Amino acid sequence: MSGAAYLTSYPELAASLPGFDLPWLQGFRNQALQTFAVNGFPGNREEEWRYTNLSALNKTVFVPSANQLVDEDWLNRYRLDDAASVVLVNGQFSASLSRLQDLAGKVSVSSLKQALQDNPAWLESRLGQAVTSAEHNLVAFNNAWFTDGVVIDVAAKQQLDRPLQILHLVTQADALAATRNLFVLNEQAEAEIIETYVGSVDSYFTASVNECLLAGNAALTLYKVQLEAEKAQHFGGTYVKQARDSRFMHHNFALGSGLARSDIHSDLDTAAECSLNGLFVAGKRQHIDNHTRINHLKPHGISREFYKGVLDNKARGVFQGRVIVAEDAQRTDSEMNNRNLLLSADAEVDTKPQLEIYADDVKCSHGVTVGQLEEKSVFYLQSRGIDEATARNILTFAFANEMVDKVENAELKALLLKELLERFPAISL
712 MSGAAYLTSY
722 PELAASLPGF
732 DLPWLQGFRN
742 QALQTFAVNG
752 FPGNREEEWR
762 YTNLSALNKT
772 VFVPSANQLV
782 DEDWLNRYRL
792 DDAASVVLVN
802 GQFSASLSRL
812 QDLAGKVSVS
822 SLKQALQDNP
832 AWLESRLGQA
842 VTSAEHNLVA
852 FNNAWFTDGV
862 VIDVAAKQQL
872 DRPLQILHLV
882 TQADALAATR
892 NLFVLNEQAE
902 AEIIETYVGS
912 VDSYFTASVN
922 ECLLAGNAAL
932 TLYKVQLEAE
942 KAQHFGGTYV
952 KQARDSRFMH
962 HNFALGSGLA
972 RSDIHSDLDT
982 AAECSLNGLF
992 VAGKRQHIDN
1002 HTRINHLKPH
1012 GISREFYKGV
1022 LDNKARGVFQ
1032 GRVIVAEDAQ
1042 RTDSEMNNRN
1052 LLLSADAEVD
1062 TKPQLEIYAD
1072 DVKCSHGVTV
1082 GQLEEKSVFY
1092 LQSRGIDEAT
1102 ARNILTFAFA
1112 NEMVDKVENA
1122 ELKALLLKEL
1132 LERFPAISL
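For the sequence shown, my numbering begins at 712 and goes up steadily by one.
The hints are simulated quantities; they were obtained by calculation from the structure and are not laboratory data.
Be aware that one or more of the hints could be misleading.
Lysine-lysine pairs mimicking BS3-like chemistry, simulated, CA-CA at most 25 Å apart [stated by the list, open to error]:
id : residue 1 : residue 2
1  : Lys-1063  : Lys-1117
2  : Lys-995   : Lys-942
3  : Lys-942   : Lys-1129
4  : Lys-817   : Lys-868
Owing to the predicted nature of the structure, the values given are computational and were not obtained by experimental measurement.
The task is simple: from the sequences and hints, build the whole structure.
And the structure:
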């Protein structure tokens, strides 16, 4: 059975997981374990996984690692100087590498392990509110296997006075980095959080789940920068509950890993706003799957979604975007667009935008394009003395850079431009 080796090794692992002495958390984990035991990892027969094959997860049993050794010069290539930072090494919080001293205001930031010790009742009432094991079996896997994570609680009418970067580092071969993160923004709170995923070894498995609970008029901007190693397996899910008049903006940049799946799901209450932007760039035999779901539950919600994909060699991309407008969600305004650029005859993208509308007074639209570079544009640049390879790189970079331009954080934008230029080396800015 898919995942059988993980189930066999779980009893030995369980006693070392955080919260082992908390009955409610043991019940939470056991329920997830039972769900995972039925079918193991999701398979191609499931509609929402039909384009993504997870069989590689059964070839190696990835295990948690307590290794906290990090080359700090390597780490500093990705750390943002203008942001506070939490560092997770192989799925475990590192106090010595984190920089939280300068956070001001009524903001609480801690590791999940520490939060389970200091305030377990507070966590019990919030963990699993935005997503449950029923979502799919990778969420169930995370529910059972998570080793640590980050808990952020922003008090009412407060805001982070600087961005907070969460650095997910993997430095141990064949490690399992399973983290659970909880971001709670109370009434009128505001925060900017930047997730960065990187690895210094080839083979490992990242399984990360974020739950975001936004109270009325709260505003969260969340960036995800996925720069995993070439043979890494990556799953990252972000699940959001938006109360009335809240605002959620997500920027998803997927440039790394051998196989990656990203979920971004949000449930919107009355007059809530949700904006999802994404860019995935893949080459060689990379496989990058993006799954989004915006669920308009109440009237006057606004959502905007814009994803771009660039695929070369034998890479494969997936975009599954779903917008659901409930019967009570009158006056919903929703737009979804997905544009894809194929640079090779062997590259492939599967795109599946979906609108499910059960209300009759709405404004909803979606659009999809899949194509190649225009030869006349390439020819125009060549006529100006630019060689063909550079001309193609310039046009491809311009296509991708539209999504980077949406990033307001200047230091993060510079990091993203650097990563893009490494993939299109013939360009200089």
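Mind checking the alpha carbons of Lys-942 and Lys-1129 for me, to see if they're no more than 25 Å apart? Holds, at roughly 21 Å.
Run the distance test for Lys-817 versus Lys-868: straight-line Cα separation, threshold 25 Å. Cα-Cα ~9 Å, so holds.
Pair hint Lys-995 and Lys-942, alpha-carbon separation not exceeding 25 Å: holds, 11 Å
Holds or violated: Lys-1063 with Lys-1117, Cα cutoff 25 Å? holds, 24 Å
Violation of the numbered hints given earlier is absent; every hint is satisfied by the structure.
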